[in-house]
Amino acid sequence: MKFKKSILAAAVALTAFGANAATYSLPAGSGELLNPNTFNWSFSSVAADPAATLGFVIDGYRTLDGMNTYADFFVLKINGTEIGSGSFNLGGGGFSAWSGPGTAVTSNTGTSIGGNGGTTTISGVTFALNAGINNITFSYSPVGYANNGGQSFQDEAWGISSAQVTAVPEPESYAMLLAGLGLMGAIARRRSKAA
Numbered sequence: 001m002k003f004k005k006s007i008l009a010a011a012v013a014l015t016a017f018g019a020n021a022a023t024y025s026l027p028a029g030s031g032e033l034l035n036p037n038t039f040n041w042s043f044s045s046v047a048a049d050p051a052a053t054l055g056f057v058i059d060g061y062r063t064l065d066g067m068n069t070y071a072d073f074f075v076l077k078i079n080g081t082e083i084g085s086g087s088f089n090l091g092g093g094g095f096s097a098w099s100g101p102g103t104a105v106t107s108n109t110g111t112s113i114g115g116n117g118g119t120t121t122i123s124g125v126t127f128a129l130n131a132g133i134n135n136i137t138f139s140y141s142p143v144g145y146a147n148n149g150g151q152s153f154q155d156e157a158w159g160i161s162s163a164q165v166t167a168v169p170e171p172e173s174y175a176m177l178l179a180g181l182g183l184m185g186a187i188a189r190r191r192s193k194a195a
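Here the sequence shown stands for residues 1 to 195, where the numbers follow my numbering.
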């Protein structure tokens, strides 16, 4: 009889630790996109989360510009709301800047024109995840006054190579965890009284 109770207690304990974060990953990157252009990623979430996080990688091809006279400007929108924006030296020169939640790390640390592209990894972008369909929009546009509406595809391009959203466990999950631990405590207490 004690063995059956021990097995039951172990099963209850294991279910208490089942609360973990949901992760949504971009199934495939965008490939090279002309500037200006937009790339959309839509996915469905089972539950809402006011503190979800997004991380993604921007690929710059050839001479995508940072902040200079040929500046190319990146905008991130989630569910129609602008969350952040920036300009990054991904081979075209200029300096890199990100305005929004999270941090941006660019592979090119200088301001010179390298012509060999580069990457910017943006992580820790917090936002409110909706229950149901969520839409993340990545876009680039040529805003530098010397750009004249953009440069050719042979000169510069951009893309999103990866993106991932992580939702933290809901408060109900923590309640389930605490209830499981409480049940384990009650079983242990009952067991010690019986002994």
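Errors might be hidden in some of the hints.
[As the list claims (entries may be wrong)] Derived Cβ-Cβ restraints for the label pairs, each shown as a range:
{"id": "1", "residue 1": "Ser141", "residue 2": "Gly29", "range": "16 to 26 Å"}
{"id": "2", "residue 1": "Gly55", "residue 2": "Ala188", "range": "37 to 47 Å"}
{"id": "3", "residue 1": "Gly80", "residue 2": "Thr121", "range": "16 to 26 Å"}
{"id": "4", "residue 1": "Pro101", "residue 2": "Ser141", "range": "49 to 59 Å"}
{"id": "5", "residue 1": "Gly132", "residue 2": "Pro36", "range": "24 to 34 Å"}
{"id": "6", "residue 1": "Ser192", "residue 2": "Asn135", "range": "13 to 23 Å"}
{"id": "7", "residue 1": "Gly185", "residue 2": "Ala97", "range": "48 to 58 Å"}
{"id": "8", "residue 1": "Ser123", "residue 2": "Ile187", "range": "20 to 30 Å"}
{"id": "9", "residue 1": "Gly80", "residue 2": "Ser192", "range": "51 to 61 Å"}
{"id": "10", "residue 1": "Ala51", "residue 2": "Gly185", "range": "45 to 55 Å"}
{"id": "11", "residue 1": "Gly80", "residue 2": "Glu32", "range": "22 to 32 Å"}
Simulated from the structure, these hints should not be mistaken for laboratory data. Values in this document were obtained by computation on a predicted structure and should not be read as measured data. C-beta atoms are modelled at their ideal positions from N, C-alpha and C, and glycine is treated no differently.
A quick look at each hint next to the structure:
1. Ser141 to Gly29: 16 to 26 Å: Distance hint for Ser141, Gly29 holds at roughly 20 Å.
2. Gly55 to Ala188: 37 to 47 Å: Distance hint for Gly55, Ala188 holds at roughly 41 Å.
3. Gly80 to Thr121: 16 to 26 Å: Holds - the Cβ-Cβ distance for Gly80 and Thr121, about 25 Å, lies within 16 to 26 Å.
4. Pro101 to Ser141: 49 to 59 Å: Hint violated: Cβ distance 21 Å, outside 49 to 59 Å.
5. Gly132 to Pro36: 24 to 34 Å: 29 Å, holds
6. Ser192 to Asn135: 13 to 23 Å: Check failed, 55 Å falls outside 13 to 23 Å.
7. Gly185 to Ala97: 48 to 58 Å: Hint holds: Cβ distance 53 Å, inside 48 to 58 Å.
8. Ser123 to Ile187: 20 to 30 Å: 42 Å, violated
9. Gly80 to Ser192: 51 to 61 Å: 57 Å, holds
10. Ala51 to Gly185: 45 to 55 Å: Because 29 Å falls outside the window, the suggested range is violated.
11. Gly80 to Glu32: 22 to 32 Å: Holds - the Cβ-Cβ distance for Gly80 and Glu32, about 26 Å, lies within 22 to 32 Å.
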